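Peer 1: Which chain is which? The protein sequence lines are X and D, in order. Heads up: the first sequence runs through residues 1 to 280, numbered per UniProt numbering. Heads up: the second sequence runs through residues 1 to 367, numbered per UniProt numbering.
By construction, these hints were calculated from the structure, which means they are not laboratory data. Among the hints, a few may not be true.
For lysine to any residue, the following SDA-like pairs were computed, each having C-alpha atoms within a straight-line distance of at most 20 Å [said to hold, decoys possible]:
hint : chain 1 : residue 1 : chain 2 : residue 2
1    : X       : Lys-183   : D       : Ser-228
2    : X       : Lys-273   : D       : His-90
3    : D       : Lys-263   : D       : Ser-228
4    : D       : Lys-102   : X       : Phe-185
5    : X       : Lys-273   : X       : Leu-255
Cβ-Cβ distance ranges computed for the label pairs, FRET-style [what the hints assert, rightly or not]:
hint : chain 1 : residue 1 : chain 2 : residue 2 : range
6    : D       : Arg-116   : X       : Pro-191   : 18 to 26 Å
7    : X       : Trp-7     : D       : Arg-130   : 43 to 51 Å
8    : D       : Val-17    : X       : Ser-116   : 51 to 59 Å
9    : X       : Leu-94    : D       : Lys-21    : 49 to 57 Å
10   : X       : Pro-121   : D       : Lys-21    : 51 to 59 Å
11   : D       : Asn-70    : X       : Asn-210   : 47 to 55 Å
12   : X       : Thr-141   : D       : Gln-134   : 17 to 25 Å
13   : X       : Pro-121   : D       : Arg-133   : 16 to 24 Å
On a predicted model such as this, the values are computed, not experimentally measured, just so you know. Just so it is clear, CB atoms sit at the ideal spot from N, CA and C, and this is done for glycine as well.
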Amino acid sequence: MKRSQFWDHTILVLGALFMLVPVVYALMTSSHDAVSIYKEGLQLSPGGHFVDTYKQVLTEAGGFTKSVTGLTMLWNSLVLGLGFAFGKIIISMLAAYAIVYFRFPLGTFFFWIIFSTLLLPLEVRILPSYEIVQGLGMANTYSGLIIPLIASATGTFYFRQFFKSVPDELVEAARIDGAGPLKFFIDILVPLSKTMIAAIFIIMFVFGWNQYLWPTLITTDESLFTLVRGMKQILQVWIGAQIPDTNQAMALAVLAMLPPVLIVVIFQSWFVKGLVESEK
Amino acid sequence: MAGIQLNTLRKIYAGNVEAVKGISIDIKDGEFIVLVGPSGCGKSTLLRMVAGLETITDGELFIGDRLVNNVEPADRDIAMVFQNYALYPHMTVYNNLAYGLKNRSIPKDEIEKRVRKAAEILEIGDFLDRRPRQLSGGQRQRVAMGRAIVREPAAFLFDEPLSNLDAKLRVQMRMEIKKLQKELGTTSLYVTHDQLEAMTLADRLVVLSGGVVEQIGSPIDVYEKPASTFVATFIGSPAMNLLPLAKSGNEWKLDNGATVDVKLNTDLSDLILGVRPEDLVIEELSEKFDTGLHTALTVHVVEPVGAESYVHGTIGEGSVDVVVRAPGKLHFEPGQILKVTAKPEKLHTFDTKSGKRIELEGALETA
Numbered sequence: 001m002k003r004s005q006f007w008d009h010t011i012l013v014l015g016a017l018f019m020l021v022p023v024v025y026a027l028m029t030s031s032h033d034a035v036s037i038y039k040e041g042l043q044l045s046p047g048g049h050f051v052d053t054y055k056q057v058l059t060e061a062g063g064f065t066k067s068v069t070g071l072t073m074l075w076n077s078l079v080l081g082l083g084f085a086f087g088k089i090i091i092s093m094l095a096a097y098a099i100v101y102f103r104f105p106l107g108t109f110f111f112w113i114i115f116s117t118l119l120l121p122l123e124v125r126i127l128p129s130y131e132i133v134q135g136l137g138m139a140n141t142y143s144g145l146i147i148p149l150i151a152s153a154t155g156t157f158y159f160r161q162f163f164k165s166v167p168d169e170l171v172e173a174a175r176i177d178g179a180g181p182l183k184f185f186i187d188i189l190v191p192l193s194k195t196m197i198a199a200i201f202i203i204m205f206v207f208g209w210n211q212y213l214w215p216t217l218i219t220t221d222e223s224l225f226t227l228v229r230g231m232k233q234i235l236q237v238w239i240g241a242q243i244p245d246t247n248q249a250m251a252l253a254v255l256a257m258l259p260p261v262l263i264v265v266i267f268q269s270w271f272v273k274g275l276v277e278s279e280k
Numbered sequence: 001m002a003g004i005q006l007n008t009l010r011k012i013y014a015g016n017v018e019a020v021k022g023i024s025i026d027i028k029d030g031e032f033i034v035l036v037g038p039s040g041c042g043k044s045t046l047l048r049m050v051a052g053l054e055t056i057t058d059g060e061l062f063i064g065d066r067l068v069n070n071v072e073p074a075d076r077d078i079a080m081v082f083q084n085y086a087l088y089p090h091m092t093v094y095n096n097l098a099y100g101l102k103n104r105s106i107p108k109d110e111i112e113k114r115v116r117k118a119a120e121i122l123e124i125g126d127f128l129d130r131r132p133r134q135l136s137g138g139q140r141q142r143v144a145m146g147r148a149i150v151r152e153p154a155a156f157l158f159d160e161p162l163s164n165l166d167a168k169l170r171v172q173m174r175m176e177i178k179k180l181q182k183e184l185g186t187t188s189l190y191v192t193h194d195q196l197e198a199m200t201l202a203d204r205l206v207v208l209s210g211g212v213v214e215q216i217g218s219p220i221d222v223y224e225k226p227a228s229t230f231v232a233t234f235i236g237s238p239a240m241n242l243l244p245l246a247k248s249g250n251e252w253k254l255d256n257g258a259t260v261d262v263k264l265n266t267d268l269s270d271l272i273l274g275v276r277p278e279d280l281v282i283e284e285l286s287e288k289f290d291t292g293l294h295t296a297l298t299v300h301v302v303e304p305v306g307a308e309s310y311v312h313g314t315i316g317e318g319s320v321d322v323v324v325r326a327p328g329k330l331h332f333e334p335g336q337i338l339k340v341t342a343k344p345e346k347l348h349t350f351d352t353k354s355g356k357r358i359e360l361e362g363a364l365e366t367a
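Let the sequences and hints guide you as you build the complete structure.
Peer 2: Here it is, written out as structure tokens:
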């Protein structure tokens, strides 16, 4: 008993260290100045430039055009993450609602079409998608950043399964109570899906926040850069004999990690609830 | 308040399955009608057609004097109580009751008044702020009824509302529903597969089988004069005993040779004789009737149920199980032979082929 507990904990501790050390590296390195990092490599001990570096990253304009600060990038990431998550939830709830509650020709067929797009990630269709968004003049806009990504097979599938588990009698009771399709959706289905929505929101927010490929393609205007996108830019800036601002890149990485972590920590009870139980 | 008229209603599902085969019922204003039958007899489908949850393939449905075949459920002026209560889980009891009224844009103070009144009638006033999941089965059932009451509809539709409750609560709620319906005087259509529930609740029973009406009548009528062997065995527990009866010369005989004294004006050479378990009397325990049925019964098993005993046995060579319902605690050995008898007016006769009731001569006087 004691012995197995010891080993259990050893494995757990090792696992946790394995996951956490890179984060600690990033955090500690970000508190040194660029020169010492360049000379001595990544750091595991705290340096003296913590406040300086973060202040600089957040407020001083960087990049080629000097038009983007860390705060702007945080804001852009937030817009992308929230727009992405809410957009996906709204679109997939509506799609699932149509598929489950309305009999229209080829309904099942369309569901499977949507479902099969799960097999086709963004990368596969990235060039045609870019062409279309560019052609619509949506490049370098928030809407161009968000809208092409909000169709969600995963979300539609989850909501479809959830709606299917809502008893038919509830729909019938609502019909007798005089609730039309829209009223039923808003008054009954949306409140019932609360925990489900929360769970999907967390997944989708983190997923949207971490988007890299699409923002890289669609935003060339630096003021629209997201954190994940901007980080790379910093390491790529080589002007003359300047050394890369690794400390700033690390600081941005730590900043980029914070909001998703916060969201998961704050909503985790909802998240678990949404996945394991349904209030019906 | 209104009556409901069903004129040869039919329901054909995709795949040409005919669930309801032309049913006509004339429900009077304020009447409590119970649709009863085994599963798959079409009773729930019929109720859902009245509610508007199933489309009507053919026939006419009137609520009051309005043809409502193509009217939305919400506009039919009915309220329904579901088997699983179908309460909105995220709403408080108050909002559950009020939701239908809000959708009809009834003024707030009127809603409040009606909800309070219904809550008072059903004694759920203390739970108005709770969610359905915080309530017991019986309380949920009351809320479901409350939701129907606040609407003040022309008719209540009940779809097996008591089958999710335990036996004791079911009996209690059954009485309450009956009492409530009498107080409110609202026309009610109630579906159940439980014949006891049907008997105790109904002003008139509608016995359904295979999508057709077997019999419509008051519970006592249906019990005393079942229109067919189906009704005879479905209503009443234990079920009515059915024995083959054959004509031999001028007499009707059971297959063990016992003569049955029935007066019948028929050309048929064989019949089915029906006699309820409580109408069969063990001669050793009571007086002997001069006419009617006298035969020997070979005892198989005695089931004591407290106040009375069910004696199972067979008559003659036949393997038909016969049940005698006798008062008191009885003890008989298996294989023991008893003499059983029944009064002539307690005998029922049915056509062997169609199962339809054949009225005995002189039946009118005893009816």
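Peer 1: Hints first: check each against the structure and report whether it holds.
Peer 2: Taking the hints in turn, this is what the structure says about them:
no.: 1; hint: X:Lys-183 <-> D:Ser-228; in the structure: 48 Å, violated
no.: 2; hint: X:Lys-273 <-> D:His-90; in the structure: 15 Å, holds
no.: 3; hint: D:Lys-263 <-> D:Ser-228; in the structure: 19 Å, holds
no.: 4; hint: D:Lys-102 <-> X:Phe-185; in the structure: 16 Å, holds
no.: 5; hint: X:Lys-273 <-> X:Leu-255; in the structure: 28 Å, violated
no.: 6; hint: D:Arg-116 <-> X:Pro-191: 18 to 26 Å; in the structure: 24 Å, holds
no.: 7; hint: X:Trp-7 <-> D:Arg-130: 43 to 51 Å; in the structure: 49 Å, holds
no.: 8; hint: D:Val-17 <-> X:Ser-116: 51 to 59 Å; in the structure: 33 Å, violated
no.: 9; hint: X:Leu-94 <-> D:Lys-21: 49 to 57 Å; in the structure: 41 Å, violated
no.: 10; hint: X:Pro-121 <-> D:Lys-21: 51 to 59 Å; in the structure: 55 Å, holds
no.: 11; hint: D:Asn-70 <-> X:Asn-210: 47 to 55 Å; in the structure: 53 Å, holds
no.: 12; hint: X:Thr-141 <-> D:Gln-134: 17 to 25 Å; in the structure: 49 Å, violated
no.: 13; hint: X:Pro-121 <-> D:Arg-133: 16 to 24 Å; in the structure: 40 Å, violated
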